[in-house]
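Asks: In case you want the letters, here they are:
Number of protein chains: 2
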Amino acid sequence: MKWCRIQLDQGPAYGVVEGDQIAILSAAPFERHERTGERCPLAKARFLPPVIPLNFYAAGLNYRAHIAWANQHHGMTLKPPQQADIGYRSANALVGSGADIVIPKDSTGPVEFEGELVAVVGEKAKHLPEREALGCIAGYTLGNDLSERAFQRSDRTLWRAKNTDTFKPMGPVVVAGIDPMAQKIGVRINGRMVSEYETKNMIFSLAHYIARMTRYVTLYPGDVLWMGCDGPTLPALEHGDLVEVVNDAIGVLTNRVVRES
Amino acid sequence: MKWCRIQLDQGPAYGVVEGDQIAILSAAPFERHERTGERCPLAKARFLPPVIPLNFYAAGLNYRAHIAWANQHHGMTLKPPQQADIGYRSANALVGSGADIVIPKDSTGPVEFEGELVAVVGEKAKHLPEREALGCIAGYTLGNDLSERAFQRSDRTLWRAKNTDTFKPMGPVVVAGIDPMAQKIGVRINGRMVSEYETKNMIFSLAHYIARMTRYVTLYPGDVLWMGCDGPTLPALEHGDLVEVVNDAIGVLTNRVVRES
Numbered sequence: 033m034k035w036c037r038i039q040l041d042q043g044p045a046y047g048v049v050e051g052d053q054i055a056i057l058s059a060a061p062f063e064r065h066e067r068t069g070e071r072c073p074l075a076k077a078r079f080l081p082p083v084i085p086l087n088f089y090a091a092g093l094n095y096r097a098h099i100a101w102a103n104q105h106h107g108m109t110l111k112p113p114q115q116a117d118i119g120y121r122s123a124n125a126l127v128g129s130g131a132d133i134v135i136p137k138d139s140t141g142p143v144e145f146e147g148e149l150v151a152v153v154g155e156k157a158k159h160l161p162e163r164e165a166l167g168c169i170a171g172y173t174l175g176n177d178l179s180e181r182a183f184q185r186s187d188r189t190l191w192r193a194k195n196t197d198t199f200k201p202m203g204p205v206v207v208a209g210i211d212p213m214a215q216k217i218g219v220r221i222n223g224r225m226v227s228e229y230e231t232k233n234m235i236f237s238l239a240h241y242i243a244r245m246t247r248y249v250t251l252y253p254g255d256v257l258w259m260g261c262d263g264p265t266l267p268a269l270e271h272g273d274l275v276e277v278v279n280d281a282i283g284v285l286t287n288r289v290v291r292e293s
Numbered sequence: 033m034k035w036c037r038i039q040l041d042q043g044p045a046y047g048v049v050e051g052d053q054i055a056i057l058s059a060a061p062f063e064r065h066e067r068t069g070e071r072c073p074l075a076k077a078r079f080l081p082p083v084i085p086l087n088f089y090a091a092g093l094n095y096r097a098h099i100a101w102a103n104q105h106h107g108m109t110l111k112p113p114q115q116a117d118i119g120y121r122s123a124n125a126l127v128g129s130g131a132d133i134v135i136p137k138d139s140t141g142p143v144e145f146e147g148e149l150v151a152v153v154g155e156k157a158k159h160l161p162e163r164e165a166l167g168c169i170a171g172y173t174l175g176n177d178l179s180e181r182a183f184q185r186s187d188r189t190l191w192r193a194k195n196t197d198t199f200k201p202m203g204p205v206v207v208a209g210i211d212p213m214a215q216k217i218g219v220r221i222n223g224r225m226v227s228e229y230e231t232k233n234m235i236f237s238l239a240h241y242i243a244r245m246t247r248y249v250t251l252y253p254g255d256v257l258w259m260g261c262d263g264p265t266l267p268a269l270e271h272g273d274l275v276e277v278v279n280d281a282i283g284v285l286t287n288r289v290v291r292e293s
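Each protein sequence line maps, in turn, to chains A and B. Numbers in our numbering are just positions in the first sequence, counted from 1, shifted up by 32. Numbers in our numbering are just positions in the second sequence, counted from 1, shifted up by 32.
Hints listed in this document are in silico derivations from the structure and should not be mistaken for laboratory results. Just so we're clear, the structure is a prediction, and the values are computed from it rather than from any experiment. Every residue gets a Cβ at the ideal spot worked out from N, C-alpha and C, and that includes glycine. There's no promise every hint is true.
[As the list claims (entries may be wrong)] Partner residues aside, some chain B positions facing chain A, computed with beta carbon under 7 Å:
| id | residue |
| --- | --- |
| 1 | 155 |
| 2 | 159 |
| 3 | 184 |
| 4 | 187 |
[As the list claims (entries may be wrong)] From chain B, some residues computed to sit far from chain A (all C-beta separations above 12 Å):
| id | residue |
| --- | --- |
| 5 | 122 |
| 6 | 138 |
| 7 | 208 |
| 8 | 210 |
| 9 | 213 |
| 10 | 237 |
| 11 | 243 |
| 12 | 291 |
Work the whole structure out from these sequences, hints included.
Replies: In structure tokens, the structure reads:
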């Protein structure tokens with residue numbers, strides 16, 4: 033099953049992708065819902081973030097090659113995490129596939145992509161053992177965890193570096209039934225592949241994260257877990273660039289970069 | 033105007049406090065709403081967090097005496113922030129006044145209170161100048177930013193220290209029309225006042241935070257800004273303690289502490 037959230041003239045709506053059509057639903061697929069009978073051609077869909085999460089989790093550092101690269105290229109002194117401690121992003125920054133990424137006027141950059149696998153929670157969950165942990169996940173989508181490295185260095189928190197409006201593209205669709213630990217994630221800039229990695233290299237698996245997290249926090253339907261990225265995150269994004277996060281099962285999350293005028 | 037969100041038999045509802053009664057509304061006071069005609073005695077109200085925020089902001093360090101105290105008592109090396117960088121908490125941890133605070137089984141503590149003034153956003157806002165910044169605020173409530181100091185030391189993020197389920201009591205009501213920079217905030221444990229401070233001592237004012245934040249992020253109705261606390265945050269909370277955050281205009285946010293069994 034493949035589903036999305038799109039902008040209709042009357043407002044946002046969830047829908048199920050069927051061939052080249054989207055069948056509109058009365059609510060999210062993980063809630064009580066029915067088909068409204070309305071359809072929208074997939075080619076004309078204006079994608080929104082597939083969910084607006086109550087809790088927006090991000091693993092941050094979860095791949096060794098990315099940590100090594102960040103230390104080398106950004107003079108950081110990051111160490112591989114010793115335990116699965118989850119971080120946070122904020123929903124204001126979410127946009128869907130097709131929306132512009134807007135770099136603030138006073139950004140000195142670089143602004144870098146981080147293409148990530150995103151797990152979407154479908155059921156309320158607490159105290160899940162690791163072997164059952166993936167049962168609460170409704171499906172998977174893609175995220176671009178954009179990062180402004182000058183803000184990241186200067187600020188006490190990641191608020192501007194990671195959560196500036198439009199800095200969290202997510203989508204285009206959510207796909208159920210794929211193995212989160214066996215995905216290839218790529219990033220293209222202007223059609224050229226600039227990063228490719230495999231999710232099997234996560235330091236802590238998604239199931240491990242969920243099991244550990246739900247000892248302390250309740251997961252809610254619509255919550256998202258962004259699982260981090262591997263490898264380099266350059267070249268930096270410039271005004272006019274088209275940046276795409278790609279995965280065979282989920283598709284292409286595509287966004288144009290513009291500088292605030 | 034004083035309003036709240038309470039649990040009715042048929043589900044959560046917003047209401048306006050009028051004397052010893054709550055007049056139920058069809059939606060939040062900052063949205064299009066009407067009175068349903070239903071009423072609930074204030075004395076019988078089961079308070080919920082007054083809002084469930086899309087974005088949950090927290091100033092963290094925003095008072096000098098608290099920073100000095102934390103350095104002295106917790107061996108920290110915190111410095112007063114040079115600029116108003118906002119941090120985050122997560123909505124899973126919210127509970128209303130009257131709910132239990134549950135300390136996880138494996139907490140070695142101490143678990144400490146932090147009584148805070150909370151601003152509730154009522155209007156979508158971007159690029160607000162400082163002199164107009166408070167215009168987007170619907171009103172003010174109280175928050176207890178509970179902190180488990182052992183988790184705070186051991187973890188790479190604040191997820192367990194600050195965002196364990198039930199660690200963010202908020203309420204009991206939202207009050208419009210008070211001056212956020214002229215409030216006295218107190219904390220009582222088992223009826224004894226253990227902390228008192230004045231919000232005029234904030235390092236960065238609420239208006240300054242909002243002006244700076246909205247250069248980069250859009251504020252949405254229901255978003256909350258927790259403004260930090262001043263002074264000491266001890267004695268540590270123990271099983272059975274009643275902890276209360278108090279303010280003359282807003283009232284008393286009251287929660288019982290229990291240890292997970």
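Asks: Tell me, which hint numbers fail for this structure?
Replies: Structure breaks hints 1, 2, 3, 5 and 6.
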